[in-house]
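From just these sequences and the hints, can you work out the full model?
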Amino acid sequence: MALLTSLLRDVELDYVGRGDGTPAGPVGPIRQATLVVVVTLVGLVLAVGLVQRRTDEPSQIARRAALMTQIESRTDAVTQLQADITSTRARISTAEQELLARTTTGAALSAQIVELERAAALTAVTGPGLQIVVDDAPIDASTKELPAGGRVLDRDLQLVVNGLWQNGAEAVALNGYRLTATSAIRAAGDAILVDFRPLVPPYTLQAIADPGPLQKGFEQSAAGADLRSLNDQYGIRWQLDAVDRLALAAGATGPR
Amino acid sequence: MIAAIGLVIGIVLGIVFQPGVPLWLQPYLPIAVVAAIDAVFGGVRALLDDVFDDRVFVVSFLSNVMIAGLLVFLGDQLGVGGQISTGVVVVLAMRIFSNAAAIRRRLFHA
Chain G
1 MALLTSLLRD VELDYVGRGD GTPAGPVGPI RQATLVVVVT LVGLVLAVGL
51 VQRRTDEPSQ IARRAALMTQ IESRTDAVTQ LQADITSTRA RISTAEQELL
101 ARTTTGAALS AQIVELERAA ALTAVTGPGL QIVVDDAPID ASTKELPAGG
151 RVLDRDLQLV VNGLWQNGAE AVALNGYRLT ATSAIRAAGD AILVDFRPLV
201 PPYTLQAIAD PGPLQKGFEQ SAAGADLRSL NDQYGIRWQL DAVDRLALAA
251 GATGPR
Chain H
1 MIAAIGLVIG IVLGIVFQPG VPLWLQPYLP IAVVAAIDAV FGGVRALLDD
51 VFDDRVFVVS FLSNVMIAGL LVFLGDQLGV GGQISTGVVV VLAMRIFSNA
101 AAIRRRLFHA
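Protein chains in written order, with the numbering used here: chain G, 1 to 256; chain H, 1 to 110.
Treat the hints with caution; some may be incorrect.
Just a few of them, taken from the derived set where beta-carbon distance is under 10 Å, the chain G residues facing chain H [claimed, not checked]: (1) R31; (2) V51; (3) Q52.
Label-pair ranges, simulated between beta-carbon atoms [said to hold, decoys possible]: (4) G:G149 <-> H:L13: 46 to 56 Å; (5) G:V133 <-> H:W24: 46 to 56 Å; (6) H:R105 <-> G:M68: 45 to 55 Å.
Which bits of chain H does chain G cover? Going by a derived footprint, with three or more residues having C-beta under 8 Å, they are [unchecked claim]: (7) 11-25; (8) 45-59.
By construction, these hints were calculated from the structure, which means they are not laboratory data. Note that the Cβ used here is the ideal one computed from N, Cα and C, for glycine as well.
Below you can see the structure in the form of structure tokens.
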């Protein structure tokens, strides 16, 4: 406390006069004029500062709108490029297969390549599986906002995805993006990103596997327990359904 | 008296003419505004305590604004701009509070 009080005392007495308690005597015109000028400056600074705040609003709004259009157009360009990558890779793969099919060692290699591509999530997969939809907690009617802790975090989605892998999923996709061995689910501010691409809730996870064992294993695992406790404590909604036929697109290698 | 009139004239000029602040000065404007508020409270308190000295006031205000601006500039160069300006604003706000409390005690004896 001593530091604080001594700080306050020293700091307080900045504008106080001689400090010996004597009032100032009559001052000459030059000093008076200087005082008036400086005080006018003080008033000017105050007014300019306050006025600045008010006039800044429209330009800030315009800047934000411009940034948003830029973000949208760049995201579209990236999606287009990803699609190009996927189709080019498919063409390369077919060409490789044709080349390798001409020799026996080539044929063995090509079988290996197909297996590896499947494991690396570079080929499209279809089959029965599970669909889990995770959403933020419903908006509080009284405050018109999300309740505290009611936003789904990247951590939560990571738990669900890991739970699916651990219980035998062969291919997993999040909001349509196929998860590969190097996929990252991260957060930037309040938004969740998959491979640097932003997602909007609700988050749909699709996993291809034998639905029965996957569902049972997932619900009994730590991931299932986590989802249930998230629902209990924060109101985060989730729903699990078995689906007869899921078609997951091939994954793309994202930007590094 | 004259000083108070000067303050009002300054505020009116600022509102009416709305002088544009050059871009390189913009980051220092918030700190300058807080320093100006602090100057007003400090000056009024000195007036009420009968220890107002115009030279002290003028030099204090100008040097406070200079130092605050310098600190913010230095902080930006070193990469701790946010923290330093937080520190400056905290100190100035403490002063504003204690000067306002002294004024209140003088005026209302409460």
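Hints versus structure:
{"no.": "1", "hint": "R31", "in the structure": "holds (6 Å)"}
{"no.": "2", "hint": "V51", "in the structure": "holds (5 Å)"}
{"no.": "3", "hint": "Q52", "in the structure": "holds (6 Å)"}
{"no.": "4", "hint": "G:G149 <-> H:L13: 46 to 56 Å", "in the structure": "holds (50 Å)"}
{"no.": "5", "hint": "G:V133 <-> H:W24: 46 to 56 Å", "in the structure": "holds (51 Å)"}
{"no.": "6", "hint": "H:R105 <-> G:M68: 45 to 55 Å", "in the structure": "holds (52 Å)"}
{"no.": "7", "hint": "11-25", "in the structure": "holds (count 8)"}
{"no.": "8", "hint": "45-59", "in the structure": "holds (count 12)"}
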